[in-house]
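Residue numbers (our numbering), protein chains in the order written: chain A, 1 to 148; chain B, 1 to 715; chain C, 1 to 122.
Treat the hints with care, since some could be wrong.
[Claimed, not checked] With beta-carbon atoms standing in for the labels, derived distance ranges: (1) C:105 - B:272: 35 to 43 Å; (2) A:8 - C:105: 31 to 39 Å; (3) B:271 - A:39: 47 to 55 Å.
Worth flagging that the hints you see were computed from the coordinates, not collected in a lab.
Glycine included, every Cβ here is placed at the ideal spot set by N, Cα and C.
The chain contents come next:
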Amino acid sequence: MDEQQLRVFIDIVSQYFEKQTGKAPDVGSPYLGDASSLPIYDFTGVIGISGERQGCVYVTAHRDLLRQLLLHVGESDVSDNNLSDLVGEVANTISGNARRYFGPDFMISVPVVVSGNARAIQVPRSVKAYILPLRWHKFEAALVVSLQ
Amino acid sequence: MLKLGLGKYRSIVILITLFIVFDIGVLAMTFVISRQLTADAISINLAGQHRYLVQKLAKTALLIDQDATQGTFDSSGKSSLNEVKDLIATADRFNAIIATFDGGAKLPDMTEELALTPSQDTQAAALFALVKDLWEPINAQVQALNQPKDGHRPDVGPLLQVLIPNNLNLLSTSHILTSRLEALSAAKAAKLRAVQMAGMAAALVNFAFILYSFLGQLRKSDSAVERAQRETEDILRTTQEGLFLLDPEFRMGSQTSQALSKILGVEAKGGENFLDLLKPLVTPKTYDTTKEYIELLLRHDVKEKLVASLNPLDCIEISAVRANGALESRFLQIRFNRVLQAEKVTHLLVTANDITRRVKLERELKDSERRVQDQMGMMVHILQADPRQLQDFLRHASDGLNQINEDLRTASPTTGVSTPRIDAMLRIAHRLKGDAAALNLEAVSQSMHAFESVLQELRAQTRRSSEDLLPVAVRVKGLYAEVNAIQDVIARIGQVRGVVSVEPPKPAHDPEIAAQPFVRQWRGFAQQLAKRLGKQVELTYQGLDVDGLSSQLREAVNTSVNQFIRNAVVHGVEAPADRKKRGKSESGHLSVYVSDQGDGTIELSFRDDGRGINPEKIRLAAVRKGRISPEVAKGLDARALTLMIFEPGLSTRDEVDEDAGRGVGLDAVKEMISRLGGRIRIGTTSGEYCHFRVQLPVKAEPNDTNMPDRIKEVA
Amino acid sequence: MALKLMIVDDSNIIRSKINRTLSQHNMEVVASASNGEDAVKLFTTHKPDVVTMDLTMPRMDGLECIRALRKINPGIRILVVSALADKSTAIQALKEGAQGFLCKPFSEADLTEAIEELLGDD
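Looking at chain A on its own, in the form it has when it is part of the complex (with noise of 0.2 Å):
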């Protein structure tokens, strides 16, 4: 279960690079981490999850990458608005995707953007998150699943 869930939020995510900018992303090898100790860089789209699993899932990507990919799709203001749209805009991509992805039991929100080491996503204490490192033109950002 955890595991289709998982591929399906990678394939999201390598299809947006992939459509926008022609290369996807490697992917490198998933692991765990506590509550604590997740990666959070410049700019993170989080969604919220609820239904029969509870949590969120976030997507959080490096300055230098989101202003990279900004580039790559012609647009040539790389201010923080824009930055902070475009990782809403994977998030969202994310979120409108999984939907038809998973049943009705399996509820998920538009997207948040947060900037910045934002304290204020709210991740399940009690389980580990899965956390699945991108890595694009030597950028780096994450995918990061927490689910109850």
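Position chains B and C against the provided structure of chain A, taking the given hints into account.
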């Protein structure tokens, strides 16, 4: 009386009836008065005629008299005759009027009787009597002329004799009578008019009253409606439930309770289509079923109470996003009740409630029930297990899992996890599986087994992408959770123990160390395993108190013995029948011995009297598993083959199951021992025995796993 | 006079449970059938007043059976007794002319209450 559904309109109906009665009265009065006036006019006219008739009589009489004296009377006397006739007719008319006034008689030109006669008034009656008195002699003379003799001139002399002195008197009396009658009539009319005015006044008063009371009642009922409306509004504003009426076209009534929008989480306005509102909140199937259910209640002869269990909205989950991105999910209960009017369903009363708390509580209860059941089973085993062993296991487990997770984290992004790393993971998993089984932690043991399968699969792959590691991460997460669950249980037991203050176990009376917990556990594990495989074993122990060793040594000894037991019972010890054939006792014998060597090391000796290690079997297995080529295999001697049992991924057992056949156990032991700076030796004779001897330094000198092996073969 | 009842259900256990329960409540079980076809046949000969009806049965399912029984006697009172696997099917059955629904599994009290409700005035 006026009970026929008049209700609150009763008084107004009475008032209006009165008004109509008054109006009819006034109308009737007007009619009567006008009739009266007409009738009175006739009387007055008749009285007036008297005056005229008297004058005419006098004139005609004088005319006849004049004719006679002047000789203008023609010979035939015809004109005089006509005048006499006229005289008589005038007198007859006078008489008829008198008769009429006296009552009874009627004038030929009159249709009705007279309404006003002189007899109605004393003064008029006196005047009338006077008229009659004055008239009587005149009338008598006129009547006397009524027998004319042909050729004779009518003689009006006698008539004139009575007429002339009385004429003026009669005239004036008649005149007074007429005036009197006129006055009478006027008085009567005035009286009637007064009554008419009174009637009209009464009608007006009545009308005013109607207006007043009607308006009052209107205002009163208006304020009652207003009050009712205000009460409804108060209810709708303050109720915690979402309330509204639903019409057969699925439209919501104009009034909805204020809580409704909050409960539904969307703006709900009166007049909207309820199904449209519902659509984004529920699945398409629920939506369809809801439509059908509402139709059922509205249009079908079903028992409301008996279909309530079919309500698809009895418990629906909806979700909303909070500011921090967390998805908040709530549970709603929406119920439908029929609203009947004249035994027909006109609307449905819809009640929406937020039952999140209730549902969550129910779920928590159910969850905790299940957890309690799961934990109960585990708890029994945990209670039986030695606390120190259990702690050792848990520490092992989380160290092992951390190690695996670290391997995952640091894996190369391009090549993934290396085969040696996977072998290391397999060793950890296998060791934990053995330890868990020994502690009777069935669930953990099974999970470890499944984890091993995943790792084996991964190991078989030549290219291992990051994605292939997903199942590993998933399993590791599950194992973390299981270990945590055990820790929870222990914490709970700790609490219970604290409360009940269980007495500490008494030191064994039996000086034999064989009674120590580790030995008990080994024995139990060996026998349990043997039983499962249809074999019999006995385990004996000699030597020092394992409990007294350092925790690291204790763990190493325990893990090693558990793996040796597994190896011996699964591979070494034969089935009882077999053993009997070979002249052995039916029960296999395992002997364990731990001794202090006095040179800073301890020795663990483990010996079984099973079939020993058959190098040929290992040769076959190694080739079959692709570990070595058949050519290389041919070249290996018994010693080299025997040593292969410490290699990862080799098992001579054909079926992989929980008990053995992974070929992991002994390589895990070897890896652990070398890590602790110890060494392991093996001695075996095919068909007779297998003997492991392990030396471990008392003081740990940790070794990297990559250090050269220190295995030496004896025997 | 005791009301005449027909039980239609493919489960032997359910049939005897309904029989046992309602026999004690002034009802006479005149027929019981394990499929729709038999139910229609027995209905014409025994003329019951009340029918308990399962929905998933071999040879003519509950829906069809309700339709057939209503054709014979439009005034028949039918209680659907079925598991709640599919609410939509149950609603369909009620639209076909059954008046009540009882969810399996049920207790004896549930059943008698449902029958009383079914027979009571609106």
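Hint check:
The given range of 35 to 43 Å is respected by residue 105 (chain C) and residue 272 (chain B), whose C-beta atoms sit roughly 40 Å from each other. Between residue 8 (chain A) and residue 105 (chain C) the CB atoms are about 37 Å apart, so this pair conforms to the stated range of 31 to 39 Å. With their beta carbons about 52 Å apart, residue 271 (chain B) and residue 39 (chain A) fall inside the hinted range of 47 to 55 Å.
Checked against the numbered hints given earlier, the structure satisfies every one of them.
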